[in-house]
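Start from the sequences and build out the full structure, keeping to the hints where you can.
Residues per chain, in single letters:
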Amino acid sequence: MKDKLQEIKEKALEQIKAAEGAETLNDIRVAILGKKGELTGILKAMKDVSPEDRPKVGQMVNETREAIEAKLAEAKAAFEKAEMEARLKHEKIDVTLPAKKLKAGHRHPNTIALEEIENIFIGMGYEVVEGPEVEYDYYNFEALNIPANHPAKDEQDTFYINKDILLRTQTSSCQVHMMEQGKLPIRMIAPGRVFRSDEVDATHSPSFHQVEGMAIDKDITFSDLKGTLAEFAKEMFGEDVKVKFRPHHFPFTEPSAEMDVSCFKCHGKGCRFCKGEGWIEILGCGQVHPHVLEMSGIDPNEYQGFAFGVGLERIALLKYEIDDMRLLYENDTRFLSQF
Amino acid sequence: MKTSLKWIKDLVPGLEVTPQEYTDAMIMSGSKVEFYECQDSDLEKIVVGRIEKIEPHPDADKLVVCQVNVGSETVQIVTGAPNVFENAIVPVVLDGGKVAGGHDGSKTPGGIKIKKGKLRGVESFGMMCSIEELGSTRDMFPEAPEDGIYIFPEGTEIGQDAVKLLGLDDCIVEYEITSNRVDCFGVLGIAREAAATFGKEFKPPVVKETGDSDDVNKYISVEVKDTDLCSRYTARVVKDIKVGPSPEWMQQRLRSQGIRPINNLVDITNYVMVEYGQPMHAYDLSTIEDNKIVVERAKDGDTFVTLDGQERKLDSSVLMICDGKKQVGIAGIMGGENSMITDDVKTMLFEAACFDGANIRVSAKKIGLRTDASGVFEKGLDPNNAIEAMNRACQLVEELGCGTVCGGVVDVYPNKKEPITLPFEPDKYNKILGTDISKDQMLEYFKPLEIKYDEASNTLLIPTFRQDLLSYADIAEEVARFYGYDKIPTTLPKGSSVKGGISDKMKLEKLARNVAEYSGFSQIMTYSFESPKVFDKLMIPSGEKEREAIEISNPLGEDFSIMRTLPLNGMLTSLSTNFNRRNKDVRLYELANVYIPKALPLTELPDEREQFTLGMYGEGADFFTMKGVVNEFLEQAGLNAEEPEYTSEMKVHDRPYLHPGRKADIYYKGTLIGYMGEVHPAVCGNYSIKSRVVVAVLDVPAVLTFSKEKTIKFSGISNFPASTRDISMVVPKDIVVGSIEKAFKNKGGSYLESFDLFDIYEGSQIKEGFKSVAYSLTFRAKDKSLSDDDVNSAMDRILKALEGMGIELRK
Numbered sequence: 001m002k003d004k005l006q007e008i009k010e011k012a013l014e015q016i017k018a019a020e021g022a023e024t025l026n027d028i029r030v031a032i033l034g035k036k037g038e039l040t041g042i043l044k045a046m047k048d049v050s051p052e053d054r055p056k057v058g059q060m061v062n063e064t065r066e067a068i069e070a071k072l073a074e075a076k077a078a079f080e081k082a083e084m085e086a087r088l089k090h091e092k093i094d095v096t097l098p099a100k101k102l103k104a105g106h107r108h109p110n111t112i113a114l115e116e117i118e119n120i121f122i123g124m125g126y127e128v129v130e131g132p133e134v135e136y137d138y139y140n141f142e143a144l145n146i147p148a149n150h151p152a153k154d155e156q157d158t159f160y161i162n163k164d165i166l167l168r169t170q171t172s173s174c175q176v177h178m179m180e181q182g183k184l185p186i187r188m189i190a191p192g193r194v195f196r197s198d199e200v201d202a203t204h205s206p207s208f209h210q211v212e213g214m215a216i217d218k219d220i221t222f223s224d225l226k227g228t229l230a231e232f233a234k235e236m237f238g239e240d241v242k243v244k245f246r247p248h249h250f251p252f253t254e255p256s257a258e259m260d261v262s263c264f265k266c267h268g269k270g271c272r273f274c275k276g277e278g279w280i281e282i283l284g285c286g287q288v289h290p291h292v293l294e295m296s297g298i299d300p301n302e303y304q305g306f307a308f309g310v311g312l313e314r315i316a317l318l319k320y321e322i323d324d325m326r327l328l329y330e331n332d333t334r335f336l337s338q339f
Numbered sequence: 001m002k003t004s005l006k007w008i009k010d011l012v013p014g015l016e017v018t019p020q021e022y023t024d025a026m027i028m029s030g031s032k033v034e035f036y037e038c039q040d041s042d043l044e045k046i047v048v049g050r051i052e053k054i055e056p057h058p059d060a061d062k063l064v065v066c067q068v069n070v071g072s073e074t075v076q077i078v079t080g081a082p083n084v085f086e087n088a089i090v091p092v093v094l095d096g097g098k099v100a101g102g103h104d105g106s107k108t109p110g111g112i113k114i115k116k117g118k119l120r121g122v123e124s125f126g127m128m129c130s131i132e133e134l135g136s137t138r139d140m141f142p143e144a145p146e147d148g149i150y151i152f153p154e155g156t157e158i159g160q161d162a163v164k165l166l167g168l169d170d171c172i173v174e175y176e177i178t179s180n181r182v183d184c185f186g187v188l189g190i191a192r193e194a195a196a197t198f199g200k201e202f203k204p205p206v207v208k209e210t211g212d213s214d215d216v217n218k219y220i221s222v223e224v225k226d227t228d229l230c231s232r233y234t235a236r237v238v239k240d241i242k243v244g245p246s247p248e249w250m251q252q253r254l255r256s257q258g259i260r261p262i263n264n265l266v267d268i269t270n271y272v273m274v275e276y277g278q279p280m281h282a283y284d285l286s287t288i289e290d291n292k293i294v295v296e297r298a299k300d301g302d303t304f305v306t307l308d309g310q311e312r313k314l315d316s317s318v319l320m321i322c323d324g325k326k327q328v329g330i331a332g333i334m335g336g337e338n339s340m341i342t343d344d345v346k347t348m349l350f351e352a353a354c355f356d357g358a359n360i361r362v363s364a365k366k367i368g369l370r371t372d373a374s375g376v377f378e379k380g381l382d383p384n385n386a387i388e389a390m391n392r393a394c395q396l397v398e399e400l401g402c403g404t405v406c407g408g409v410v411d412v413y414p415n416k417k418e419p420i421t422l423p424f425e426p427d428k429y430n431k432i433l434g435t436d437i438s439k440d441q442m443l444e445y446f447k448p449l450e451i452k453y454d455e456a457s458n459t460l461l462i463p464t465f466r467q468d469l470l471s472y473a474d475i476a477e478e479v480a481r482f483y484g485y486d487k488i489p490t491t492l493p494k495g496s497s498v499k500g501g502i503s504d505k506m507k508l509e510k511l512a513r514n515v516a517e518y519s520g521f522s523q524i525m526t527y528s529f530e531s532p533k534v535f536d537k538l539m540i541p542s543g544e545k546e547r548e549a550i551e552i553s554n555p556l557g558e559d560f561s562i563m564r565t566l567p568l569n570g571m572l573t574s575l576s577t578n579f580n581r582r583n584k585d586v587r588l589y590e591l592a593n594v595y596i597p598k599a600l601p602l603t604e605l606p607d608e609r610e611q612f613t614l615g616m617y618g619e620g621a622d623f624f625t626m627k628g629v630v631n632e633f634l635e636q637a638g639l640n641a642e643e644p645e646y647t648s649e650m651k652v653h654d655r656p657y658l659h660p661g662r663k664a665d666i667y668y669k670g671t672l673i674g675y676m677g678e679v680h681p682a683v684c685g686n687y688s689i690k691s692r693v694v695v696a697v698l699d700v701p702a703v704l705t706f707s708k709e710k711t712i713k714f715s716g717i718s719n720f721p722a723s724t725r726d727i728s729m730v731v732p733k734d735i736v737v738g739s740i741e742k743a744f745k746n747k748g749g750s751y752l753e754s755f756d757l758f759d760i761y762e763g764s765q766i767k768e769g770f771k772s773v774a775y776s777l778t779f780r781a782k783d784k785s786l787s788d789d790d791v792n793s794a795m796d797r798i799l800k801a802l803e804g805m806g807i808e809l810r811k
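Residue numbers (this note's numbering), protein chains in the order written: chain A, 1 to 339; chain B, 1 to 811.
The set of hints was computed from the structure by calculation and includes no laboratory data. Check before you lean on any hint, since a few could be wrong.
Stated by the list, open to error - Simulated crosslink set (DSS-like; lysine-lysine; CA at most 25 Å straight-line):
{"id": "1", "chain 1": "B", "residue 1": "LYS416", "chain 2": "A", "residue 2": "LYS234"}
{"id": "2", "chain 1": "A", "residue 1": "LYS163", "chain 2": "B", "residue 2": "LYS767"}
{"id": "3", "chain 1": "A", "residue 1": "LYS244", "chain 2": "B", "residue 2": "LYS494"}
{"id": "4", "chain 1": "B", "residue 1": "LYS416", "chain 2": "B", "residue 2": "LYS208"}
{"id": "5", "chain 1": "A", "residue 1": "LYS11", "chain 2": "A", "residue 2": "LYS71"}
{"id": "6", "chain 1": "A", "residue 1": "LYS153", "chain 2": "B", "residue 2": "LYS366"}
{"id": "7", "chain 1": "B", "residue 1": "LYS510", "chain 2": "A", "residue 2": "LYS101"}
{"id": "8", "chain 1": "B", "residue 1": "LYS366", "chain 2": "B", "residue 2": "LYS379"}
{"id": "9", "chain 1": "B", "residue 1": "LYS98", "chain 2": "B", "residue 2": "LYS6"}
{"id": "10", "chain 1": "B", "residue 1": "LYS366", "chain 2": "A", "residue 2": "LYS101"}
{"id": "11", "chain 1": "A", "residue 1": "LYS36", "chain 2": "A", "residue 2": "LYS76"}
{"id": "12", "chain 1": "A", "residue 1": "LYS183", "chain 2": "B", "residue 2": "LYS417"}
{"id": "13", "chain 1": "B", "residue 1": "LYS2", "chain 2": "B", "residue 2": "LYS32"}
{"id": "14", "chain 1": "B", "residue 1": "LYS32", "chain 2": "A", "residue 2": "LYS153"}
{"id": "15", "chain 1": "B", "residue 1": "LYS507", "chain 2": "A", "residue 2": "LYS103"}
{"id": "16", "chain 1": "A", "residue 1": "LYS81", "chain 2": "A", "residue 2": "LYS71"}
{"id": "17", "chain 1": "B", "residue 1": "LYS2", "chain 2": "B", "residue 2": "LYS164"}
{"id": "18", "chain 1": "A", "residue 1": "LYS244", "chain 2": "B", "residue 2": "LYS2"}
{"id": "19", "chain 1": "B", "residue 1": "LYS6", "chain 2": "A", "residue 2": "LYS153"}
In structure tokens, the structure reads:
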């Protein structure tokens, strides 16, 4: 009996070894372990074995079966592995073939720059607000310390609808709306379209965008203005960018300044980009004029703070090295798809 | 505004700086320098020489060989210049030197190097120079010959630096002066700033008393009728006038300003205008009738011939200078032809006045004549400066010997402008700036600015030329300027924090951008104003509400003259640009306002409504692709409680710019929220687009109203199986599938989970006037497996409703 089992086992292992594929293995399994298989036949013959020997023989039969099954499984795994390897080898592709283009659309460079600016200020606790584009003269000029016949009114070449209503020339009008609401302290930025009667050329457009900013509280100082805008410049243009504040004049801020950043292309050495100066003018800013606070119902003896205005197109042109402002409003997809 | 650096250094004697150092410091103290230009940067080794001998060139008819004594030696120079002669004194650039450009006036950046060489075989060791080669022009040096070498006057010392002698060893600094600093439109004002910036002493000219024992009142009287427009009028008289050239120093300073020297009288008025920032005017006294000057407004309809010979139309807002009988000048803008100075003038009237800046600006604009003088007056001058300028001019008349100044001055100055006082509040200045600058330090900054401190009253006395200093904030800026903006600390605001963030509308915009972009649309920006012709291009008939647009009263031109009431022109123009540049398959979107007036003409602000506009042509550009994008946006925006309704029955606007059979208004919960469709082929033609174009416009405020209702609530997933039934129908052509779906929804009951259109067909196998439509309906319950009876009863209700609509079932 023992020999018989040994014989079956050896024969089975030999056949498995010689098998050429998964199907042959199945045939072997059926021939030995199937209902009519050799080993099954031996089990059927157990009734002829003496009862005292039965457990021992049974154990031997099981051991044989397990050994064969293990070998079959091993061989099957090997065949599958080989098969997969062959398939993977066959499926090799040329990875340098051109990509299939995703047809997602593109965001306007102005919007990309604006979102960056918004995120920086939202991170500093600023609220983003909006104001009307068609505006009363009062909000655009008078409440900003620019009374009738003030020379600054001429400088800004305003489009008028009638003598009281105009197209806003600056988002600074949003400062006034914000202050009039009377909710203090204020930390806001107000992006939006503004209009000035400039003929269209590479650096001018009669319609462009500004982002106004304002912070009012009991003790917001000019040094806070410097710190806030320096932080903005670093986040916008890079950690190693330096800022310079120069005295300037705006009717609605006092003291006033213009902020330059060190050229982020040449790092201040001077290049085509910064016209050899090493610095690029970015924005105008200052401490809100006490008279402006007063006109909007805020007591300048109690509250003070700063305001600033950035030209959005200017930032977009600089940051993305766009050399002609007209491209921003032509909307050629060969331009738009680069952003 | 520009100044010569040499002139500034003459007024601030201790100032020893390079042009770059000067520029950097002036910018940081608030006088913004635009650029500076050193006139001699490309001039090297140029001396004064005398031509001792001229001989013909042996091999060239047009050349001569000159022996030129340049002081230390005599050099041989070959020249082709026609105007040289023996003993002529000329500028000579020596071997190895440089000139600024060619003698045709062209400038060569970096200059042109001059080396010894041979001209037609004869050695030449340098070059004699024309004024153009020295980088200047005949306009600035009228005595220079038109085509030839510059000739110095006889007796000019040879061997000296010719550049210096001509005053070209100077640096011209160009400033951007802000409108509040009227005082800096004069060289003296800039010099005062320079002195304060560098901590040096400012030495303005000392103006002495002038005039003989004669009395000006015998010659002229002045009456100012409109004192609101003329706060001060000063007049003096100069007699026995000798017209001639002004001295070289004055000519050089005028040239540095780009002003051409003319004669002593003209030069003095120009010089004082530059120096003091106060325009002056001179009249020939013999033309002034009744010995009288009257300052009054013109009358409507008056005309007047200015000294340029042009007739000007006036009205009653324009201020005029008149004599006893007639008008002789437009105040602050230009004098009259009838009183102008000529070469044989004997006695002259000098005027230095102060006119209302705003009125001058408006008048100059109205008359269409903006002059150097009006440009200065319109900034609003300090009346106290007028008399100083007048006396300075008279002093120069005496110094230059161009006439005898009459004693006394006529000065009409009814309301003298006094300096204002402000309390000295160092703590307040520090609180604004975030600094800790000492009181004494502040007072030091004020001294060179001529702001005087009175300790007893603790007040600051502000000089009248500083019209910009009116409050503590202005004084804080003066402190900051001279403390240094760069030294002010850099801090972040302390104190109460505020919640930052964006509004619901901005969130909706972000969502619109995201949906548009992942659907392949790129963002555009177009102008808010456009041409009224746009309405014709869009085929909007007259009388249609969409034509009621706000007009700009002073547009850049008709093309930018009305505020848009619908966004399609911007979109179609951009699509057209792309189409005509052969860009394929273009999809664009815009988020921008239209401007709907509440009434015209405008009495209150219009309704600014943001429109989300999508437009496309090319592959996949069909109505239903666009409808899918719109639905995706609406669903994401939270308009998902029910399906948006698309109807081709246009109730508000007919939208003639869309294809009559392929347009729809979009409603949500009964509210119009937008429209979409194929653009009418004729409109496409008007925009030169030879392709089908599909657009959609969503009204952001309307969408926002519903978007705010958005709630997200999980409704569970059924574990029970679904039953599906397919139905195939023969439908009269004019029944839209929307009404079939409405029947499904109304009659399907709670078990109807979904329905999908899987076939729609019109053609030979279907009878005329009908179409075949097939749907698959899915039923499912959350709490049980549906029985056939459950599904059948729902189907029966649906079929009955369909039959009622004239729809037959196909078996």
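Distance restraint between LYS244 of chain A and LYS494 of chain B, which requires alpha-carbon spacing of 25 Å or less: 22 Å, holds
Proposed proximity, LYS71 of chain A with LYS81 of chain A (alpha carbon, max 25 Å): Holds, because 15 Å separates the two Cα atoms, which is no more than 25 Å.
Pair hint LYS244 of chain A and LYS2 of chain B, alpha-carbon separation not exceeding 25 Å: 24 Å, holds
25 Å limit on alpha-carbon distance, applied to hinted pair LYS510 of chain B and LYS101 of chain A: 24 Å, holds
Agreement of LYS153 of chain A and LYS366 of chain B with the hint, judged by alpha carbon distance not exceeding 25 Å: Roughly 16 Å between the alpha carbons, so the hint for LYS153 of chain A and LYS366 of chain B holds.
Hinted pair LYS366 of chain B and LYS379 of chain B, Cα distance within 25 Å: Satisfied, since the Cα-Cα distance of roughly 17 Å is no more than 25 Å.
Given pair status - LYS32 of chain B, LYS2 of chain B, alpha carbons within 25 Å: 11 Å, holds
Pairwise hint evaluation, LYS234 of chain A against LYS416 of chain B, where the allowed Cα distance is 25 Å at most: Status violated; Cα separation ~52 Å.
Restraint check for LYS98 of chain B with LYS6 of chain B, where alpha carbons must lie at most 25 Å apart: It holds: about 22 Å lies between the C-alpha atoms, which stays within 25 Å.
25 Å Cα cutoff - pair LYS163 of chain A, LYS767 of chain B: 67 Å, violated
Straight-line alpha-carbon gap LYS32 of chain B to LYS153 of chain A, limit 25 Å: Roughly 21 Å separates the two Cα atoms, so the pair holds.
Restraint check for LYS2 of chain B with LYS164 of chain B, where alpha carbons must lie at most 25 Å apart: Given pair LYS2 of chain B, LYS164 of chain B holds - Cα atoms ~20 Å apart, limit 25 Å.
Checked against the numbered hints given earlier, this structure breaks hints 1, 2, 10, 12, 19; the rest are met.
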